[in-house]
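Q: Using the sequences plus the hints, can you model the full thing?
Residue strings, one per chain:
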Amino acid sequence: MDKEINIDWTLIAESLGGDQMAVVKAKQLAETDETFKSVLSEVTEIWIQSTTIGQEKKRILNASRLDAKVNEIWDKILEVESEETKIATTLENQSNEVSEEVLDIWSTASSLGKKQRKDVSSEDMDAAMAKMLLRMNVSAEEKKEAPTFKVEKNLAAKKNNTSTWSFPNSMAAAVAILLTLGLSMFYYLDSDKVQMLQKETGNTTALVKLPDGTKVWLNKESSIRYPESFGDNDRVVSLEGDAFFEVKRDEEHAFNIITSEATTTVLGTSFHLTQNQVEVVTGKVRFESKESGEYVVLVKNETGAIADGTVSKTVYEQELNAASLMQTELSFKGADLSDAIKEIGKAYNTSIVIENKQLEKRKFTGTFRNKTLETVIEQVSEVVGCDTEKLEDGTVVLK
Amino acid sequence: MNFENLEEEALIDLVKGGDRFAWEYITKEYYQAILNFINGMVKDWETAEELVQDIFVNFWSKRESLNINLSLKAYLYRSARNHTLNFIKRRNFERDYQKGVAERMVISSNDTEDTYHFSELEKRLSEAIEELPEKMKEIFKMSRFEDLTYKEIADALDIPVRTVHYQIGLALKQLREKLKGHVDPSLMALEGGIVIGLIIDYLLQFNLF
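Protein chains in written order, with my numbering: chain V, 1 to 399; chain B, 400 to 608.
Keep in mind that a hint or two might mislead.
Some chain B residues close to chain V (C-beta under 7 Å, calculated; not the full set) [what the hints assert, rightly or not]:
#, residue
1, Arg419
2, Phe455
3, Leu520
4, Glu521
5, Arg543
6, Phe544
7, Val560
8, Leu571
A few chain V positions that, by computed beta-carbon distances, are all more than 12 Å from chain B [said to hold, decoys possible]:
#, residue
9, Asp8
10, Gln275
11, Val281
12, Asp339
13, Ile354
14, Thr388
Simulated from the structure, these hints should not be mistaken for lab results.
Here a beta-carbon is modelled for each residue, glycine too, at the ideal position from N, C-alpha and C.
A: Structure follows, in structure tokens:
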């Protein structure tokens, strides 16, 4: 052993998970076993090396080396300590067959495990991702007590203090987008040259993958039109109904979505869009009224809404319920009953009406997961305290 | 950004700083493994899927207070195990006290071994593994089914590495006794006894480094 032997027992104890019995045993062993001592010394060295770099976490860099060494120590300790091991070591030279038998068990167990495994396809992974992204947003929202911002009108005019659009020349960029948008509209929506595709949903939701890699989870009773190929222009699609978008990032080609009331422009983000509302999950979105040209720039957890050409921005208190697109989960927090009912009706593809007008403004909070429509209605009526009736044509009436 | 070349700690730091793409990278990396691990506990893919998503969503929502002093893998397995155990506890509680509730969870039957094509030995081994004491079974499965190292198992279960060593050694001993006559008849003439040390050597060789 030409190497210097330096053993720090505190560190060794820590590397052995604070197992004092093991430490005692290691000390005993170290008295007689030079090889073992050098292993202990190496472990000490790795620890000191890692910690002197500055951060404790640097240790991770050496984790595999350290693990290997620590396991060497364990091996040694267990070798002398355990009854079984003693027997084993005497058996070791005795028969290969017995060891094969155990190896057989060992490898059979492994293949047993493999057979029960399931591979996650990329579609499954995508769907799971979407669900999680939505939930991440939802749970972030739950934590905050989400104060509603005062609805600011004409945000375009006081742009500077409302948001930080990341373009350096934001005004110029905005104008450019508007211009190209007009052109692209011309190209994409009114031209026969580009093959337009359309995807429509009935009473199911659907995942649509656009040519640029953007993913769109289309809600029920919605449709999207998009070109077969986006070519080298800005990306433009039109939407009816609502959908959740995860836009593939492409700084060169802004992504524009046209709905009946709004034009939404993004570079690469995810958000939930209805005809006149947008709820941003990640990234930044420019949301513009088609009628007035007024626009707001929205970031995570912000909702933009358009009413009579006026664009407003709020930090959302009641989610637009993006979650219900991909999973049968409905969640309301202090929502107007009329709005909640609308969402529920949409989710279950049923028409629900409120007969008693006084109920409409009642606030409703509650979450439904994988519930039948009957259960949902029952619980809503219980909370709100109203009667329900189901008409012959399936319409549900709240009285 | 290319996450593949990043050290694990750097990746975690990115997540802590709110980088959703780093989170996505980690999630895609471990989703399948954790899903299978949880399914091994709950024996129902749908439930497992919900639970695994909880794990990664929590990983994100708690990112700011994240304190990972284990390897990321061990950390995720540990959270997955704790979360699933809690779920099972809750489920059992509901079962015991809310009998008659229509929405009681039914363990799906398509996850029985029948759907897999097991060899005779695999069937017997599978039964034998199920008969092992709880803790031993769990450790053995984590090692064999999840391909975790002893260190990772120890970290995930928050027990000393030595316990993992012991339990796996004992599990093998018990399994071998239970499978006597089924592993390979030609070997049965040998009254072997126990070969833990040998096995441990073997395990160390293949599983730990």
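Q: Which numbered conditions among the earlier hints are violated in the structure presented, ordered from lowest to highest?
A: 11
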